[in-house]
Amino acid sequence: MTGIADGAGAVTATPAAGTPVQPPPPSMGLGISLPAHDAVAKTSGTFPYAADLWAEGLLWAAVLRSPHPHARIVSIDTAQAARMPGVHAVVTHTDVPGDAAHGRRVADRPVFAKDVVRHHGEPIAAVAADHPDTARLAAAAIAVEYEVLDPVTDPEQAFAAEPLHPDGNLVRHIPLSFGDPDVVGEVIVEGLYRIGRQDPAPIGAEAGLAVPRPDGGVEIYTASTDPHADRDLAAACFGLEPERVKVVVTGVPGAMGEREDPGMQLPLGLLALRTGHPVKLAATREESFLGHPHRHPTLLRYRHHADAEGRLVKIEAQILLDAGAYADSSADSLAAAVSFACGPYVVPHAFIEGWAVRTNNPPSGHVRGEGAMQVCAAYEGQMDKLAAKLGIDPAELRLRNAMTTGDLLPTGQTVTCPAPVAELLEAVREAPLPPLPADEPEEEWLLPGGAEGAGDPSAVRRGVGYALGMVHMLGAEGTDEVSTATVKVTGPVATVICAAVETGQGFTTLARQIVQDVLGIEEVHVAPVDTDQPPAGPASRGRHTWVSGGAVERAAKMVRTQLLQPLAHKFGMSTELLTIADGKITSYDGVLSTTVEEALEGKELWATAQCRPHPTEPLDETGQGDAFVGLAYCAVRCVVDVDIEIGAVRVVDMTVAQDVGRVLNPRQLRARIESGITFGIGTALTENLRTSRGVVRHPDLTGYALPTALDVPEIRIVKLVEERDVVAPFGAKAASAIPIVTSPAAVAAAVRAATGRPVNRLPIRPQSAVVNRG
Amino acid sequence: MTLPGSLDEAVAALTAMPAAVPVAGGTDLMAAVNSGLLRPAGLVGLGRISEIRGWRYLDGHALLGAGLTHARMGRPDFAALIPALAAAARAAGPPQIRNAGTLGGNIVSAAPTGDALPVLAALEATVIIAGPEGSRREIPVSHLLAGVEMLHPGELVGFVRVPLLHAPQTFLKATGRTGPGRATASVAVVLDPARRGVRCAVGAVAPMPLRPLEAERWVASLIDWDGERGPLDPQVTTAFGEYVAAACIPDPAPAEDGGEQVTLPPAALHLRRTVAALARRALGRALA
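Line order of the protein sequences matches chains A and B.
Heads up: the first sequence at position 581 corresponds to 590 in the working numbering, and the numbers run straight through without jumps.
Heads up: the second sequence at position 56 corresponds to 998 in the working numbering, and the numbers run straight through without jumps.
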């Protein structure tokens, strides 16, 4: 302790006479655990989701999907389906009036397959009928004649295969080149890694309601996470001006990326326009698995060069992303994968070649942590391999290479934000390990395989693994990241109007806290979202904490100025000398004291503001460029028990240290980290949507095993590094994606340590965790 | 939808409306109805038939009602009677499923992963089937599962007769996760000291439970039933596990033209290793 600290301690240790008055803990504003306003409704089951919507005289829709992953459509005969009693309309590709194609980045996906189907589950036609069963039966009665084609299911074959799409099979290629290609390290390790197809598996399946408008337009009620983008692509497909299509966001039942499947909203809108009736669709679990985008299955080849002390010299890698049949946001995922291919380490020379290719496999797209998660599993596997080869402790090897502020990414971009990588790793390394259950009675051990499982203590081995991960925040490569928010104050109540969707990430709670902080008003409402509001962009990549939170703060500050200016003028002081707290305005000297309500004099104050972070640039032809606005880091230590005869893995402990910039809501932050780690445990151990020659196998929650409460241990957050990012509003970094990126690699490292097996495939198959004894 | 109060009323209701489907816990049936795979013309609910919701003793056997839920079978009093069936019932899924799903439903849906099935096969249980006009017939559960004998229209599984062996029994199951999940392989081992027999059945690896009869006879001949030779050599339990696994997941037959021997794919080899470990552990625990 320094002398100053000692002195300060002495002052507080000997309080003045009388009892010191502890200020009550703040009940509002940033930094407190304000509960979400919809928490009670959600936990008690009264919160309305899209599947609960109802309109007078509504019809039910059903979508006919392709049973084949690749086929030529010879003919579609809808006559029989259209004649069925109760059927109001049948639509196919011939009924799409506008642009026949849509997509997130490239419009390459037809609303309904026309000549060719390119993946299992691609929409072919849709029916509206007066009963959901009638709609389903009518969809089944549509006669489609297919000429089945050979599917391309191996992404490595996609380069040489016949083009699956007029745009060709290569979605994007990035040959990143950084440094000197001829450098060779003293030690070289190589590895081949495979990442499976994770499904976001939102607990609420897709649903929506489309209502025709008297002006010939349509309103679509759905759990969209990017309402303005969905509106624009819908309007283009319906041949309408964007103003005549309105997307209204309903309660979002879980989102792990782009939530809604446009393949459902578009038929819904078309049917509503065609029939003049409201049309509703609630997807089955099977349709949900087939329709929405998945995490990119990825194949990664790595070669790490290091010196004898374990310092990285050069990394060479090839990364192949399976984009599925359509481009979607695969180009962005590839940019993240290539840019973060070396991990949060100092690497002087890097040669990373990445491709995203089309196949006839299920569609891939934005799932939280995309690109960065796949490469993290691979580069951390390489770090373990290098540590084993050099005989260095895996955590020590990582420390020797840890990146910090001022280092370069292999894209040539300088890391300007806080990058406390070594501090995070030290924190998880120093945390005490969970005790062995040796002192507890044997019957109470929770062994791999569960309480009623086959676990045998003599076959169980414990392993400890470390992983470091990094992810970017906000859209990259020149995306115009902007959000607009309006703040209104009437009497003692403030309202926020912003089209940022609350997906469970906590944006509405954060918006309330921001307004409370700036305006000192406790009662803050956040208006429901629709596309009549100005755009706020997608709810992904931690955008809304940054851009929408920033916009809300600016708008609130503008309202504050409007409120205080007349008072300040009257008393001849600047607005900075006035403070607002608990609905009261006071001046620094206590001369002025009034309430917000009085100061308003019955007026309504409105202000609208935008937040647009500094621009980025696209990666050039050698993968160089300042492509990212901000970066976040995390360290995870995982402890597993493995039954080495059966290959069953149980995660015993997950210890996390995360770079968060600033804690805005501690409870919400904890929930985000726990959710991310849980998702990551699924990625590591069970979640893989299996296909057989392009056909999805077991599209249900029995075949696709999500982690349960028994699969996830208590998650220990040992350190939250609050080093503010000066360019971010409030200095806060997004917290959701980075645990997802890092935790699968940590689980793999722990299984590696327990079994001595390479563990180069995720999810980890039981046969990869088995040790032959003798 | 009818809700008969007795087994004979239920049979009569099914005879009167042959297109109706009987429903007990509905954990498989209602999922199929909800997903549109099944549109039964009518349902005969079996939930109010109290005679099949409990069990009673019958000359050295237990007569288990087909409507016994997994939750009920998992309780300690039942576990004292038929330990392996109780273990299977406890492992059979999350509490919601165990509260609804029944023993009879497990037999009738005959899913390869049905957890009670290998236990019933190892116990050589029989099924008592109720037919029209109060008729009853009894067939081995394995005959029903293998399709040797079938349920006729209008018939219902009424009871399951299980021998009370008064000896250790085990049921072990391997799944993909720590939380409840479907078995990738399961093994039931029951000891029958009166007949000096060991009976074993392997579930989830084939459409019906498999009985490795030779391995059973071999290991039964080595067990010290009279307490004279001491415990079994661990090598014997290991060999038993491998014997069971090789019997249930055999090597492919050698090519007829004498060509290269085909080996099992890695996934099948792993399944065989898993069965071997489960069978070894199950026997080891039964004899411990």
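Be careful, since some hints might not be right.
[Stated by the list, open to error] Calculated from the model, a selection of chain A residues having no Cβ within reach of chain B, i.e. all distances over 10 angstroms: (1) T162; (2) A210; (3) R294; (4) R706; (5) Q776.
[What the hints assert, rightly or not] Facing chain B, a subset of chain A residues (Cβ under 7 angstroms, in silico): (6) G459; (7) A463; (8) R659.
If you're looking for bench data, these hints aren't it; they were derived computationally from the structure.
Glycine included, C-beta positions come from ideal geometry on N, C-alpha and C.
Here is how each hint holds up against the structure:
Consistency note on T162 (chain A): stated as away from chain B, and its beta-carbon is indeed over 10 angstroms from all of that chain's, at 18 angstroms minimum. Once the 10 angstroms rule is applied to beta carbons, A210 (chain A) is consistent with being away from chain B; the minimum gap is 14 angstroms. For R294 (chain A), the non-interface assignment is contradicted: its Cβ lies about 8 angstroms from the closest Cβ of chain B, within the 10 angstroms cut-off. The non-interface label for R706 (chain A) is consistent with chain B: the shortest C-beta to C-beta separation is roughly 14 angstroms, beyond 10 angstroms.
With a least beta-carbon separation of about 4 angstroms from chain B, Q776 (chain A) fails to lie farther than 10 angstroms from that chain, contradicting its non-interface assignment. The interface hint given for G459 (chain A) is met, as the beta carbon of that residue sits about 5 angstroms from the closest beta carbon of chain B, less than 7 angstroms. A distance limit of 7 angstroms between C-beta atoms decides the matter here; for A463 (chain A) the minimum to chain B is near 4 angstroms, and the interface restraint holds. At a threshold of 7 angstroms, the smallest CB-CB gap from R659 (chain A) to chain B is about 5 angstroms, leaving the interface hint in force.
The structure fails to meet hints 3 and 5 from the earlier list, while all remaining hints are met.
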